[in-house]
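Peer 1: So the sequences go chain by chain: C and B. Read in order, the letters of the first sequence are residues 1 to 196 in the numbering used here. Read in order, the letters of the second sequence are residues 197 to 392 in the numbering used here.
Treat the hints with caution; some may be incorrect.
Keeping only pairs whose Cα atoms sit at most 25 angstroms apart, straight-line, the calculated SDA-like set for lysine to any residue is [as the list claims (entries may be wrong)]:
(1) C:Lys53 / B:Arg369
(2) C:Lys53 / B:Gln220
(3) B:Lys288 / B:Lys249
(4) B:Lys249 / C:Gly29
(5) C:Lys92 / C:Trp23
(6) B:Lys249 / C:Thr31
(7) B:Lys294 / C:Lys92
(8) C:Lys98 / B:Gln326
(9) B:Lys249 / C:Lys53
(10) B:Lys249 / C:Ser28
(11) C:Lys98 / B:Glu319
If you want the ones that stay clear, here's a sample from chain B, every Cβ over 12 angstroms from chain C, calculated [unchecked claim]:
(12) Asp251
(13) Glu265
(14) Ala347
Each pair of labels, with its calculated beta carbon distance range [stated by the list, open to error]:
(15) C:Glu193 / B:Ala337: 19 to 29 angstroms
(16) C:Ala33 / B:Arg312: 25 to 35 angstroms
(17) B:Ser346 / C:Tyr75: 19 to 29 angstroms
(18) B:Lys294 / C:Ala141: 31 to 41 angstroms
(19) C:Glu115 / B:Asp291: 15 to 25 angstroms
(20) C:Ala141 / B:Ala229: 20 to 30 angstroms
(21) B:Arg312 / C:Ala66: 37 to 47 angstroms
(22) B:Ala233 / C:Lys92: 40 to 50 angstroms
(23) B:Ser287 / C:Ala134: 19 to 29 angstroms
(24) C:Ala34 / B:Ala330: 29 to 39 angstroms
(25) C:Lys92 / B:Ala330: 26 to 36 angstroms
(26) C:Trp127 / B:Ser287: 22 to 32 angstroms
(27) B:Glu208 / C:Gly44: 50 to 60 angstroms
To be clear, the hints were calculated from the coordinates, so they are not data collected in a lab. Don't be surprised by glycine CBs; every beta carbon is placed ideally from N, CA and C.
The lines below spell out each chain.
There are 2 protein chains.
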Amino acid sequence: MAQERARTGSRERLVEATRELLWQHGYSGTTPAAIRARSDVGQGSMYHHFPTKVDLAAEALRVSSAEAERSIDAYLDEAPSPGAAVARYLSKPRDGEKGCRFGRLTLDDAVLEDERLRRPVSETLTWYRQRMEALLREGQASGELRPDFSAEAVGATVIAMLQGAHVLARADRSQASYERVIEGALTLLEGLESRR
Amino acid sequence: MAQERARTGSRERLVEATRELLWQHGYSGTTPAAIRARSDVGQGSMYHHFPTKVDLAAEALRVSSAEAERSIDAYLDEAPSPGAAVARYLSKPRDGEKGCRFGRLTLDDAVLEDERLRRPVSETLTWYRQRMEALLREGQASGELRPDFSAEAVGATVIAMLQGAHVLARADRSQASYERVIEGALTLLEGLESRR
């Protein structure tokens with residue numbers, strides 16, 4: 001039993017360490033040695049739980065994705081209307097330079113070339129995109145938002161604005177660059193409100 | 197003289213090869229050996245022209261930046277109005293998955309940690325951002341666009357939408373994902389037009 005618990009603990013520590021390292025350094029920048037050092041798990045135990053780096057990264061992405069979806073749902077539920085929920089999502093405090101756990105992996109050829117890594121990245125970004133699309137559609141149905149735009153297209157653009165905000169913040173090493181994009185995004189979003 | 201010409205030729209071939217490889221594989225993914233193979237230039241000649249990979253990459257970025265700014269100016273000059281120029285910039289045909297030569301480097305720690313590489317990336321993206329800001333301001337001055345928004349913020353958001361469109365296209369390996377973002381971006385841009 002004690003051994004079983006210890007094994008469970010090391011598995012979780014490996015996944016947690018990998019999640020953090022993927023976020024900080026990307027996939028190619030994360031070495032098995034760094035994962036072992038951060039999780040304090042030995043080589044034998046690591047290979048017992050995850051035979052390859054891809055197995056470990058795929059599990060880390062699965063956990064990150066499930067957690068992100070849960071937390072964003074709770075966050076959006078507090079907005080008073082669908083349009084306000086989209087604005088709330090854009091305005092959520094974020095570390096601009098650190099970037100999105102998923103978006104940042106799309107620049108790594110090693111991720112794009114392995115379907116076990118690319119697919120969860122794509123699926124998570126698609127989930128966010130469709131979440132925005134559903135909110136925009138709801139806003140159109142309730143009359144809060146104009147009926148004459150494609151919720152599918154604008155939903156994609158909302159996610160793209162966030163991803164691009166991170167790109168500019170990283171280039172400039174500046175949180176202000178991130179926030180400038182969000183300010184513009186909120187301005188553009190206001191143009192979708194029904195004209196009174 | 198013949199020797200001088202040959203040397204000029206190899207320098208240019210090195211820079212061209214580096215520009216292409218940076219675009220395809222990023223900075224960390226580009227090896228000196230790959231640059232030599234692509235440019236057909238030997239090791240001695242390479243180190244004669246560029247003592248380090250950073251020197252070569254910095255020069256490649258300088259050339260790419262100058263070329264991008266020249267070509268975008270010519271492209272925007274054909275639009276009938278400032279607002280139309282912003283839309284034209286967003287609609288320019290692009291390979292969504294290949295991405296932006298500059299934006300794609302912002303996810304590479306090695307670029308962000310070396311000011312000789314990060315600065316030209318930041319400066320080029322800033323140049324684009326300010327180009328959009330100037331067009332939006334012109335549109336506001338002429339009455340084409342609403343006076344009540346920050347051209348600085350929206351200019352940044354226009355650039356972010358493009359960068360984010362590339363992120364989504366890469367994640368999905370899909371040009372359609374790129375184009376969906378652009379469609380939404382153009383919709384949002386329409387909301388800036390003066391109400392008639």
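Peer 1: Determine for every hint whether it applies to the structure shown.
Peer 2: Verification of the supplied hints:
Only pairs whose Cα atoms come within 25 angstroms are accepted, and Lys53 (chain C) paired with Arg369 (chain B) is accepted, the gap being roughly 22 angstroms. Distance check on the hinted pair: Lys53 (chain C) and Gln220 (chain B) sit about 24 angstroms apart at the alpha-carbon level, within 25 angstroms; holds. Only pairs whose Cα atoms come within 25 angstroms are accepted, and Lys288 (chain B) paired with Lys249 (chain B) is rejected, the gap being roughly 32 angstroms. Of the pairs offered as hints, the one joining Lys249 (chain B) and Gly29 (chain C) holds, with about 19 angstroms between alpha carbons and a cut-off of 25 angstroms not exceeded.
Note on Lys92 (chain C) and Trp23 (chain C): the hinted pairing holds, with a Cα-Cα distance of about 18 angstroms set against a maximum of 25 angstroms. For the hint linking Lys249 (chain B) to Thr31 (chain C), the alpha-carbon distance of about 23 angstroms falls within 25 angstroms, and the restraint holds. A threshold of 25 angstroms between alpha carbons decides the hint, and for Lys294 (chain B) with Lys92 (chain C) the separation of about 29 angstroms lies outside it, so the pair is violated. As the CA atoms of Lys98 (chain C) and Gln326 (chain B) are separated by approximately 24 angstroms, the hinted pair is consistent with the 25 angstroms bound.
A C-alpha spacing of about 29 angstroms is found between Lys249 (chain B) and Lys53 (chain C), which places the hinted pair above 25 angstroms, so the restraint is violated. At roughly 19 angstroms between alpha-carbon atoms, Lys249 (chain B) and Ser28 (chain C) fall within 25 angstroms of each other, so this suggested pair holds. In summary, the hint linking Lys98 (chain C) to Glu319 (chain B) is supported, as the alpha carbons are separated by about 20 angstroms, within the 25 angstroms threshold. For Asp251 (chain B), the non-interface assignment is confirmed: its Cβ lies about 21 angstroms from the closest Cβ of chain C, beyond the 12 angstroms cut-off.
For Glu265 (chain B), the shortest C-beta to C-beta distance to chain C comes to about 16 angstroms, beyond the 12 angstroms cut-off, and the non-interface label holds. A beta-carbon of chain C is positioned within 12 angstroms of the beta-carbon of Ala347 (chain B); the least distance is around 9 angstroms. A C-beta distance of roughly 25 angstroms is found between Glu193 (chain C) and Ala337 (chain B), which places it inside the suggested range of 19 to 29 angstroms. Range check, Ala33 (chain C) to Arg312 (chain B): Cβ separation about 29 angstroms, and the 25 to 35 angstroms hint holds.
The hinted window of 19 to 29 angstroms between Ser346 (chain B) and Tyr75 (chain C) holds, with their beta carbons roughly 26 angstroms apart. For the hinted restraint 31 to 41 angstroms between Lys294 (chain B) and Ala141 (chain C), the CB-CB distance of approximately 38 angstroms keeps it satisfied. At about 21 angstroms, the CB distance of Glu115 (chain C) to Asp291 (chain B) agrees with the hint of 15 to 25 angstroms. For the pair Ala141 (chain C) and Ala229 (chain B), the beta carbons lie near 58 angstroms from each other, so the given range of 20 to 30 angstroms is not met.
The beta-carbon spacing between Arg312 (chain B) and Ala66 (chain C), approximately 41 angstroms, falls within the hinted interval of 37 to 47 angstroms. For Ala233 (chain B) paired with Lys92 (chain C), a C-beta distance near 46 angstroms keeps the hint of 40 to 50 angstroms intact. A hinted range of 19 to 29 angstroms holds for the C-beta pair Ser287 (chain B) and Ala134 (chain C), which are about 27 angstroms apart. A hinted range of 29 to 39 angstroms is violated for the C-beta pair Ala34 (chain C) and Ala330 (chain B), which are about 45 angstroms apart.
Separation of Lys92 (chain C) from Ala330 (chain B) is about 30 angstroms and conforms to the stated range, judged on CB atoms against 26 to 36 angstroms. Distance hint check: the CB atoms of Trp127 (chain C) and Ser287 (chain B) are about 28 angstroms apart, consistent with the given range 22 to 32 angstroms. For Glu208 (chain B) paired with Gly44 (chain C), a C-beta distance near 53 angstroms keeps the hint of 50 to 60 angstroms intact.
Of the numbered hints listed earlier, those contradicted by the structure are 3, 7, 9, 14, 20, 24.
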